[in-house]
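Student: Spelled out from the first residue to the last, the chains are:
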Amino acid sequence: MSDISISDDVLMRQFCAGDGKAFQALYARHEKPLYRYLRRVLGSALLAQVDEVFQDAWMRMVDARDSWQPRDGVAFKTWLYTLAHHRAVDILRKGGREVSSDEGWLDDDNDSPWQLWPASTAEQPEQQAFWRKAGQQLLQCLDGLPALQRAAFLLHHEDGLSLDEMTQVLNAEFEAVKSRLRYALSKLRLCMGAHLQPIFESDNTV
Amino acid sequence: MSLHDQHLQQALKNAPDRDMAPCDAARAAVLAYANKALSGNQATWRTRISKWMDDWFGSNWQSVGLGSAVATVLIVVVFWHEQPDDTIWQVSKPIEEPAIKSEDSIVESLPQAASAEKESMAVADATAPAPAQKPSMQMAERQVPVVPSKAKAAAPASPNVSANAEQFSLKDGHLAEVTPQAAPVEIQAEPPMAGAPVPAPMAREVPAVAQSTKDDLAKSDHVAKKSAAKIEALGTALPKPITNNGVGILMRIKNEGGNAVARQDIQAGHFRLIKIEALTKDSVTLNCPDLPSTATSLDALTGYKIEAVGTCDDLALLQIEAEVYNHTMLDWQSSHLK
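Residue numbers (the numbering used here), protein chains in the order written: chain A, 1 to 206; chain B, 1001 to 1338.
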């Protein structure tokens, strides 16, 4: 059942037909990515509620299994993330966190930090250390983004959803999704560049 | 500006929360919930039809109106088949057809073992009555081949068929030779029921069925004896199930708590889940009624037995303790599987 060749949609059909092992396989496949997504979207302020939202998202998925229909362009993963994202937004709103996304500024010329960064495929120890610090810093930078910009960035860069799929999950127009993603990238580049450039320079001097 | 940034993606891959996972309790709760949903409510007929239609007509069959068309056809077919079959009334009517039975129908009514005899029947066909006088094949079958007096003791054909004397005389010689071989089993005939027809196909196969029934009975008797011996041997080898009839487990989880009882059961090798059912006391005797013995089922996810226990008192408390008990069991099961 854990065979990677079996698609999510097939497993979901089997689950709808009463196959418990198909659900186990689906859960095992999406457990960590979905948990990670919710953890990052909710941010450090709502960390305590991540498990609850995660559990609730899966339970909603189980309850809504009869309404699931594999349609063109809407895979099981998109549907699952839609359920989870809506639940996360509910929690964010209740928690008084910023949910709107299109506010702020956009600086398209902020590409300078990348000139100093090592290649993303680097395998040397010092470069690996750099990327670990970069990852740590990115989580802090993400925390500073509005929730929907954060969600757009994570869905695209972490979970590999296309812009079309993101319109489903975020329940937004195509242009709005693009706009959120663009804002998110711009802010993250600025934030990352400001923090990591000194680190990289100090690593090089050693 | 590009909407994809490899550097940020690489940083994301190296983030410290990379291997974070939900707590075991959340995982167990999700799996238990899915399991409960499956065991409690299997996919409805609507869902199954929908999935079946998806498989055959693609995922957008509903939107193109094919769904309603196919559903209409299904309904028509179902109701068509549920119309009463008028022919059954025809069979019940007194048969007033001419007594002459076609050679073909007689041949059909003979057991297959009589294939050699069929050749001689074919010869007799040459002198058979004109086709116009033959009853239809359908009627011939409904008239049920009549067992002649000589073969009656051997053949198990039902005697509640209206006998046709002319049919006896017509084929008496052939039948007397054939039926003893084909139907050697003597079966006590039931008292005749007036006017009750016997389905023709059944009557046609009666001798062969009788033979196979005898063989089957002998085989099944042998298998049953072997199975009984195996069950007896297994019964001594397998651990005895917990025999608390539900009442014991209620007292235990009420007094000791679901977690403690589950741990005891796990140590004892008794793996199961508990389902608390609310019962209402008898208004006259004020006794709590017994839960039907059919309430026990198997958990599809873990394979554990789900023991349903009924209670009239402390329902909320017992449900919580049962939930704790089940969580402990599922936690152990999931950690054990890891």
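There's no promise every hint is true.
Okay, derived cross-link-like pairs now, DSS-like style, lysine-lysine, Cα gap no bigger than 27 angstroms in a straight line [unchecked claim]:
#	chain 1	residue 1	chain 2	residue 2
1	B	Lys1254	A	Lys178
2	B	Lys1254	A	Lys94
3	A	Lys133	B	Lys1275
4	A	Lys32	A	Lys94
5	B	Lys1013	B	Lys1275
6	B	Lys1254	A	Lys133
7	B	Lys1275	B	Lys1305
8	A	Lys94	A	Lys21
9	B	Lys1036	A	Lys32
10	A	Lys32	B	Lys1013
11	B	Lys1305	B	Lys1036
12	A	Lys32	A	Lys21
13	B	Lys1254	B	Lys1305
14	A	Lys21	B	Lys1254
Read the hints as simulated data drawn from the structure, not as lab findings.
Student: Next step is simple, just say for each hint if it's right about the structure.
Tutor: Here's how the hints hold up against the structure:
1. B/Lys1254 <-> A/Lys178: Distance ~57 angstroms between B/Lys1254 and A/Lys178 Cα, so the pair is violated.
2. B/Lys1254 <-> A/Lys94: Status violated; Cα separation ~37 angstroms.
3. A/Lys133 <-> B/Lys1275: violated, 50 angstroms
4. A/Lys32 <-> A/Lys94: holds, 25 angstroms
5. B/Lys1013 <-> B/Lys1275: Not OK: B/Lys1013 and B/Lys1275 at ~43 angstroms, beyond 27 angstroms, violated.
6. B/Lys1254 <-> A/Lys133: violated, 52 angstroms
7. B/Lys1275 <-> B/Lys1305: holds, 10 angstroms
8. A/Lys94 <-> A/Lys21: violated, 35 angstroms
9. B/Lys1036 <-> A/Lys32: holds, 23 angstroms
10. A/Lys32 <-> B/Lys1013: holds, 13 angstroms
11. B/Lys1305 <-> B/Lys1036: holds, 13 angstroms
12. A/Lys32 <-> A/Lys21: holds, 18 angstroms
13. B/Lys1254 <-> B/Lys1305: holds, 20 angstroms
14. A/Lys21 <-> B/Lys1254: violated, 33 angstroms
Of the numbered hints given earlier, the model fails hints 1, 2, 3, 5, 6, 8, 14; all others are met.
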